[in-house]
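Visitor: Spelled out from the first residue to the last, the chains are:
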Amino acid sequence: MSEAATPVLRSQRVQRRARAALGICAAIAVLAFYPFILPRALNFGVSLVLFAALATAWDLIGGWAGQLSLGHAAFVGLGAYTFTLLQRAQVPMWLALLAAVAACVLLAAVWGFITFRLRGAYFALASIAVAEVLRIVSNNWSSLTGGPEGVSLQDLPPLFGLDLYDRRVEFYLGLALLFVALMSALYVAGSRAGFYLEAIREDQDSAMALGVNPLRVKLVAFCASAALTSLGGCLYGIYLSFFEPQGVYALDLSIQLVLMSIVGGMGTITGPALGALVLLAFQEGFRNLLQQRSLLIYGIVIVLVVRYAPDGLSGRVLRLYRRLWPWPSRSPSAS
Amino acid sequence: MDLIGFVQTVASGVLTGGVYAMVGIGLSLIFGVMRIVNFAHGEFMAVGMYIAFALFRSFHLDPYLSLVVVAPAGFLLGAFVERVLLAPIQNAAEHSLILMTVGVGLILSNSLLLIFGAHPETIYTSYSTRTVAIGPVTLSVPLLVSFALTVIVVAGLFLVLTRTDLGRAIRAAAQNRDAAELQGVDTRFVQTAVFGIGIVLSMAAGVLLLPALYVFPTVGGIFTLKAFVVTVLGGMGSIVGAIWGGLLLGIVESVGAGLGATGYRDAFGLIAFLLVLLVRPQGLFGSSHV
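So the protein sequences, as listed, match chains A and B. Take the first sequence: its position 21, counting from 1, is numbered 22 in my numbering, and each next residue is one higher. Take the second sequence: its position 87, counting from 1, is numbered 325 in my numbering, and each next residue is one higher.
Next up, chain B with everything else stripped away, as it sits in the complex (with noise of 0.2 angstroms):
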């Protein structure tokens, strides 16, 4: 590989990496504040990938477009999970919790199945193979819109986090739960309300990836892995950590495809991942606790 394709390489890998770090951000802030690993992150993405799909399908409404649609549908749906099958088994044994998002996303990714059949799907758009030349590397448009979009919703969050009175109580609920409940927070709340956020951020990169990618029901578990990568790269529950977790994934498994192994693509990031919980189980760049 001569420094023009290495160059070329890395930058795709790092568009792909920004919208890994955005499914890996709602990850790690329901662990931040949930302490619940959502096992059925991956298949929530798929059903915001599959409700664009069906949208363009049927309407022809531009994938880009269907966030406004998808994205307070994918609050609603999260809301409704944690309020109906999370919140009443919230003090039970931790391997529980896990079952149950287990559960959930198996019923999301086969109910998907069910409706869209396992046939794989791909949008065509006008601009799905457009790319744009940068001196002499090309890159493709609809990751490049994909990446400034991810990165106005991630600096939305950062906004809503540091700025608002939700975002505070958030923030107030991850230190400390107890103590965020004796200061008049509304913990109940905000639990369902970062549930909802996090699979919002998790459906929102399903549709940003719509138009790059081939969807099929079972595509949410490949995801719920990267996102478990993502977040252990970064630090369970540290959001800054999981920006930087998603980039290297999305850099690693881009330069891994392009050295010749794209079999083994999927397999890069698992082994990094296992290999961090080796020597730095806290995280290449957070420091949450173990």
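The following block holds chain A by itself, in its conformation from the complex (with noise of 0.2 angstroms):
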């Protein structure tokens, strides 16, 4: 009947891993033509790419490991914090972006090492309170951040002779992180990482059982979310060059992670990308009805998501799709 009934070959997967690599390089391809195409809407270009690169980071461990963070904002604030101060104190560059990802997976790891222990909503529960107490910090130690009032970047060096002020630069290193996010997740999709995240989401009894390690394999996908994040973070902190902790520690940008994710469908590849280009065109659209109730129709679209489409709305399209368009049963010698 269905294509999961029937055993999927090692070889069957390994060509249809090349397929989705492909697919992606393609993708990537395509979108590098985007600042030429579209010249005027670049800022729209930069969001769209570095939301996408966040959203994929998140499914990894939101989706593949299926352990809810609503705190995500803490790794974006945390990695621009960490790069925008030690920048400001002149460090280089590159040890600055290093230094952003440590303190980010650090973060990670004492974090998930106190809640993965635990069973049921702890990780979901103490993600809301990590972020905030981040957030309070931030606002309250103004010797170091510039508290409420917020912290600029105003005199990056140039990077290779490039400046990253230029919209142009940063949505090509945007489009560079989605590139590495995507491979992240194609890499979990197929690896053996992969399916012991998979089998902890669905059972974590039967995977102890089997002889995986709940606590190590998620911490390893929350710190590798933990980094990829963090780099989104640094490059939101160049693209905003002035921020304050209410904006990037904010509850709101960690729910429209998720948001992203749900509607393109969580754990799968592409979906948080895709999600994040419904989502960012439909702000963008409506931009004039949305101003304030952005979050509201946000409530609105998690409600209805999870209700009647809980596989995401690419799920619910792709069944539709295939409702109308059944696939051919393909042979492995026919593709």
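What the hints contain is simulated information worked out from the structure, not anything from laboratory work. Each hint should be verified, as a subset may be incorrect.
Each pair of labels, with its calculated beta carbon distance range [claimed, not checked]:
hint, chain 1, residue 1, chain 2, residue 2, range
1, A, Ser153, B, Ala292, 52 to 58 angstroms
2, A, Phe45, B, Pro358, 31 to 37 angstroms
3, B, Ala386, A, Leu119, 34 to 40 angstroms
4, A, Gln284, B, Tyr362, 35 to 41 angstroms
Ideal Cβ placement from N, Cα and C applies to all residues, glycine included.
Both chains are sitting in their own frames, so use the hints and assemble them into the complex.
Guide: Below is the structure:
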């Protein structure tokens, strides 16, 4: 009947992953022309690739491992602040980037170690608390962070002779990050680690009985997600070039990443990136209508998606598509 | 801080903590029976605050009297949300349930934003700033009244839980839903009732805090976190634990702010929460299952 009923051969799986990798490369290549086709909409382009990358990074822990993080803004903010503050202290850029990633991975390791040992909603509960503590500290520790007035990142040295405040440069940096994030998702989708994650998500007890160490596997996925998100945070800091605790640690930001993933389909390779496209295009198209209402509409979308399309819109659309045009039963040699 | 100042600080912490306990009891009750962590708990509280605020502004209804309106409204709202949004997905994965309550919370807080605007509001009653002196210690009258009402509500809840059929059904469903169902308990109805009661507690706590606080549409998020802290301190699902957790949070916040770190007031509870998860995840007072 369906594809899943027939056993998938290893060679087929490899072939499928190769096709997916090719598809991702093609999509990235097409996106690379964006600054030439739409030079006037570069702001949209940068936020598109950046948020697509962030949502894909979120999905590593949220979708594949099924650990709902409502505090990924913690990594965006910590990454952006670490990078900016070190940059202002005249630390070389590569070192500042490395420090930002290291800080976020350390945070993820501690936070994950505390909460992944426990069953139930503790991880999600703690996630809000972690982001909130960081926000409060950044707000109050004015001598370090500039407090609620925020901090600006004004004079970045050029990177390889390129001006980092040029939106085109930022776009290609974001595109590179998106590529790395998608490749990580692709790796997870077909690797042993990915199967471990899915096994834990579906049934932790059975996974443990089969010799999977849930704490370790979840920690690795979480640290990877944190590292990618912190890089996104650094880029977000450069893109904004001025930000405040309220903006980078906001629950809204975390929710936005979650929403992109669930709209596009959690635990899929390209779902979160597609979700980012849909959501940002929607925001852009209805900017006048939205204004203060965007979070209200997010709330309604979350409720509707969870209620009627729990496997995401892409899953919904895919099933509809398959019903209308059923899969031709392909033999491995035909493709 | 001298001794009198310390006693003063602890006493006002206890008074606020009593109301926190009420918020936490609602969350704990819902979790105990439904195994759902209500991420919209504080937002429901904000709805309660705004109902009382609107009644005060339009009809000059005393906030404490508006409990008569808020309590039934809260029960209906909670029962509606449970029946229409939570019941259909009750067997879904845990993250779906969390997301659903997150979505409900966003809808509530942003509806308040659209209706009332982002401007912080406050009400001024004749007793808003009045204090009573007990020896050298002065206590704020609105907080005292709130605390007294909290004690009455919680005592009433205990009577309901221990002395009535509905209460027995609730406790049975919390212990073992399947077994309760086999004994003829209508667990479907129990879950709706429990969610309704939990929301009533949350919204009532909002009303009780109104004379002492500024109200703004996103105030709920802070209290959702406080409710998490209270229930985790006391042990998820434990009602007695939530009482102690609430009092402890109130005292910790009050003493912390008294020591001069006002800006970090909200952070103390969150850090305590993370520490408790690290060393004693079953809660300081309860023995719930983790």
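Visitor: Just tell me: holds or violated, for the beta carbon distance of Ser153 (chain A) and Ala292 (chain B) against 52 to 58 angstroms?
Guide: 41 angstroms Cβ-Cβ, so the 52 to 58 angstroms window is violated.
Visitor: Per the hint of 35 to 41 angstroms, is the separation of the Cβ atoms of Gln284 (chain A) and Tyr362 (chain B) within bounds?
Guide: Holds, at about 40 angstroms.
Visitor: Is the hinted range of 31 to 37 angstroms satisfied by the C-beta distance from Phe45 (chain A) to Pro358 (chain B)?
Guide: Given a distance of about 34 angstroms, which is inside 31 to 37 angstroms, the answer is holds.
Visitor: For the pair Ala386 (chain B) and Leu119 (chain A), does the Cβ-Cβ distance stay inside 34 to 40 angstroms?
Guide: Holds, at about 37 angstroms.
Violated hint: 1 only; the structure is consistent with all others.
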